[in-house]
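Q: Sequence:
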Amino acid sequence: MLVRMRYDERTRAYVERRTKEGLNKKDIMRCLKRFVAREIYRALTSTPADHITQTDLAPAA
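Heads up: take any position in the sequence shown, counting from 1, add 9, and you land on my numbering.
If you're looking for bench data, these hints aren't it; they were derived computationally from the structure.
Don't take every hint at face value.
Pair ranges (Cβ atoms, derived) [unchecked claim]:
id, residue 1, residue 2, range
1, Arg15, Arg47, 19 to 25 Å
2, Glu18, Arg51, 19 to 25 Å
3, Thr56, Leu32, 32 to 38 Å
All values derive from a computational prediction rather than experimental measurement.
Using N, Cα and C, we set each Cβ at its ideal position, and we do this for glycine too.
Construct the entire structure; sequences and hints are all you get.
A: Right under this line is the structure:
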């Protein structure tokens, strides 16, 4: 979380917004952990066909 809070622009904007809303760093990190867990779950459970594009397919020999 700390690396993401420092380098990821979306996360930095989120942290700034939540800080203005009055949340402390501990609460913000809790929210970020939940978001990252949902992101990872979606990546793991999505079907491989969702990630394949026409340019990924090699022509058949």
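Q: Hint by hint, note whether the structure agrees.
A: Do the hints match the structure? See the list:
For Arg15 paired with Arg47, a C-beta distance near 21 Å keeps the hint of 19 to 25 Å intact. Distance hint check for Glu18 and Arg51: the Cβ-Cβ separation is about 20 Å, which falls inside the suggested range of 19 to 25 Å. Separated by about 36 Å at the C-beta atoms, Thr56 and Leu32 satisfy the suggested range of 32 to 38 Å.
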